[in-house]
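Work out the full structure: start from the sequences and follow the hints.
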Amino acid sequence: MSQPVRLPPARYEHGGDEFIFVEIAEEMSMEANIKAMLITQELASREMAGLVDICPSNASYLVRFDPDVLPPKDLMGLLQELEGTFDEVPQGFALQTRVVDVPILYNDPWTHEALMRFRDRHQDPESTDLEYGARTNGFSSVEAFIDHLAGNPWIVTMLGFVPGLPFCYQLEPRERQVQVPKYVRPRTFTPERAFGIGGAFSVVYPVQGAGGYQLYGMSATPVLNVRQDHPDFDHSIVFPRPGDILRYRSVDRTEFDETRARVEDGSFRYRQQDVEFSPAAFLEDPQGVNDRLLEVLYR
1 MSQPVRLPPA
11 RYEHGGDEFI
21 FVEIAEEMSM
31 EANIKAMLIT
41 QELASREMAG
51 LVDICPSNAS
61 YLVRFDPDVL
71 PPKDLMGLLQ
81 ELEGTFDEVP
91 QGFALQTRVV
101 DVPILYNDPW
111 THEALMRFRD
121 RHQDPESTDL
131 EYGARTNGFS
141 SVEAFIDHLA
151 GNPWIVTMLG
161 FVPGLPFCYQ
171 LEPRERQVQV
181 PKYVRPRTFT
191 PERAFGIGGA
201 FSVVYPVQGA
211 GGYQLYGMSA
221 TPVLNVRQDH
231 PDFDHSIVFP
241 RPGDILRYRS
251 VDRTEFDETR
261 ARVEDGSFRY
271 RQQDVEFSPA
281 AFLEDPQGVN
291 DRLLEVLYR
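In this text, residue positions in the sequence shown follow our numbering: the first is 1, and each later residue adds one.
Because the hints were derived from the structure by calculation, they are not lab data.
Careful: at least some of the hints might be erroneous.
[Said to hold, decoys possible] Beta-carbon label-pair distances, calculated as ranges: (1) R241 - R119: 30 to 38 Å; (2) K73 - G151: 26 to 34 Å; (3) Q273 - R46: 28 to 36 Å; (4) D66 - V207: 30 to 38 Å; (5) R46 - R135: 17 to 25 Å; (6) R46 - E143: 48 to 56 Å; (7) P181 - D87: 29 to 37 Å.
Note that beta-carbon positions come from the ideal geometry of N, C-alpha and C, so glycine has one too.
If you want it as structure tokens, here you go:
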């Protein structure tokens, strides 16, 4: 029988009169994010009077409350109690979520043009972002690096920085995770729907703007739709949800263009399947869980 997975201790800070910030761990990790998910889900389920908002993040969470209704001392005590409750990943806990196919054109012309404009801001101005990522992570070629990025799922740990931007952590054993630094100085331009990585986290940029992540491709599908004029966005202007599991599948230019046409005419639908994701099972057998997730998505 496997041993329970121990989770790191938390640090608590007040933010003015209305906020409590809880840092699960200084280091971002799957274990820290699981603990943040467990605590914030339990807190939300209690529907407490005076609890205004709960904002989970990669390795922390922020709670906003009304101190005239919910005394800070009482809330702090509850949060510390929940930390003790979820000191370990419960063996029976399963996150009700969905696995989603996200078609990516890797090494596309649009992000390539953008990254080449800003080589003076990069660690290695003589290479492309893909070449740099492949080399620094020990891959023999850009193609092998792309195969690795596209071959396993990523879990959405938070939404933020700009509206609709999904931060995703690799569902991989620690020794297989890729990591790349952000640009030395941020770009002033990044295309909408650009796919990139900074540190151990991937993102799809929801809008055109500045950015500092290494650029590797372009998503054929949007993650943000402020008009909500598409069925995939009926629940929110943002498609991804914290806890979603995304597969950044590699597609060729033909499939990319066909998907873009379907997005534009409104006929596109994300390929997705509801799943139960067990963090404890993943931490015990990462590759086995990943294989089952992708099998559900494409069966």
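Point to revise | Unmet hints by their number, sorted upward, for this structure | key: Hints 2 and 5 are the ones this structure does not satisfy, whereas the remaining hints hold.
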